[in-house]
Each structure stands twice: as C-alpha cells, then as structure tokens.
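Chemist: Using the sequences and the accompanying hints, generate a full structural model.
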Amino acid sequence: MNSLEVLGVGKNIKVQRKIKGMTQQELADKANISRSYLGDVEGGRYNPSIETLYDIAHALGIHITSLIGDEPPKGSAKIPVLGKIVAGVPLEAITDHIGYEEVTEEMASSGNYFALKIKGDSMEPKFSDGDVVIVRKQPDLESGDIGIVIINGQDATIKKIKKDDTGIYLIPTNPNYEPVFYNNEQIINLPVEILGKVVELRSKF
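Take 0 as the starting number for the sequence shown in numbering that gives the first Met the number 0 and just add one per residue.
No wet-lab data here; the hints were simulated from the structure.
Mixed in with the good hints there might be a few duds.
As the list claims (entries may be wrong) - With a straight-line cut-off of 30 Å between C-alpha atoms, the simulated DSSO-like cross-links for lysine-lysine are:
| hint | residue 1 | residue 2 |
| --- | --- | --- |
| 1 | K136 | K196 |
| 2 | K10 | K118 |
| 3 | K116 | K162 |
| 4 | K29 | K136 |
| 5 | K159 | K125 |
Modeler: Written out as structure tokens, the structure reads:
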C-alpha cells in the first residue's frame, strides 16, 4: 500500500510517544521497526505505510486516528480520556478511549499524562459526575494532593490524600461520605495503588 502523505504524522507520533513516556527505542521495539526509521518518521523525512501506522498506534495503545486524524491546534497535543482503569492493566494498553482532551505540548513533554472521566459524587462540589480530570502519572503523592487511586484491584477512584507514618487516608470532599483509612499493611496487601496526581479539572456542562 502506498505511504500516507499526511502532514504532521511524524509530529503526532512523537507527541503521543512522549505522552506515553516511551523512548524511541521502546516504541520501535514494540512496533517491530528500527529506531533509526522511527527517528526519520518523527523528523518528517519518511511517511510510513498504513500498516506501519497501525503497528505504531497499537504499540502506543491508541487509535490510529490520533496519528492521522485532525491535527490539534499548534502548540497542543491530544491525550486519551479513559472511562475505566483497573489494576494490572498498563495505561498504554487501554484502547477503549471515550474521547480526547487537548493539553499543551509543554505539558505533554514534561511527563506521562492521561485523562479520566469521573464517576459518582464523592468529590462534589468541585468534581462532579461526568467531569474530566487531567492526571500526571506518578507512583506517589504528597498529603493534600488530589490523586487517582486503585483499591483492591477495583476501578480507579479520585480522592484527596492525607498520609502519616501509619498509613494513608482517602478523603472525599462531599460531606455525605466518610474518609477511609488504610494502614501500611493494607497498602501492601490489598493493595492500595497510586496512579497519579490530578493537575487539572475539565468541567462538563
């Protein structure tokens, strides 16, 4: 099949790779292509075939339209909105995206980001059901941070974090819900897994 003559496809691949926190070598290995070829594609020196684009999209865990669809405005990048996250499934392996949000290229290049659609009302009034939060993937949080946490292998939840020497509190902002405490043993054995820090709220009206 002929190569796709798509302006900006290399740039889109590079942006999505950085969002996923992958090196060129890591992406090339997963897509079964050479690192030098990937570098040429990202640099706009080659246009990959549709088959190669599918391989790259699959390796990134995204839909191919993220690479060849409408190009985001200059200076921005698209990240997937996830409706569900479960323990044991890497974020890059989740392909059932429910939409996309745009972030600045500066943000995208500073870490691994994803977006998550909020379910429930435990974090009202600031965070409502259906809102979308932008999350920087990181394995730990400071007291006072709003984070995304998975408990006992269930769906991810958003809560305010309070830590001390004995464990961690997950604190809802809705007064109708009580904080939940997990001691250090429970954190390991349940487990309690921190996925990232909420850095931005995208309210939906």
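Chemist: All the hints need checking, so say for each whether the structure fits it.
Modeler: Quick rundown of the hints versus the structure:
no.	hint	verdict
1	K136 - K196	holds (7 Å)
2	K10 - K118	violated (33 Å)
3	K116 - K162	holds (25 Å)
4	K29 - K136	holds (21 Å)
5	K159 - K125	holds (12 Å)
The structure fails hint 2 only (numbered hints given earlier).
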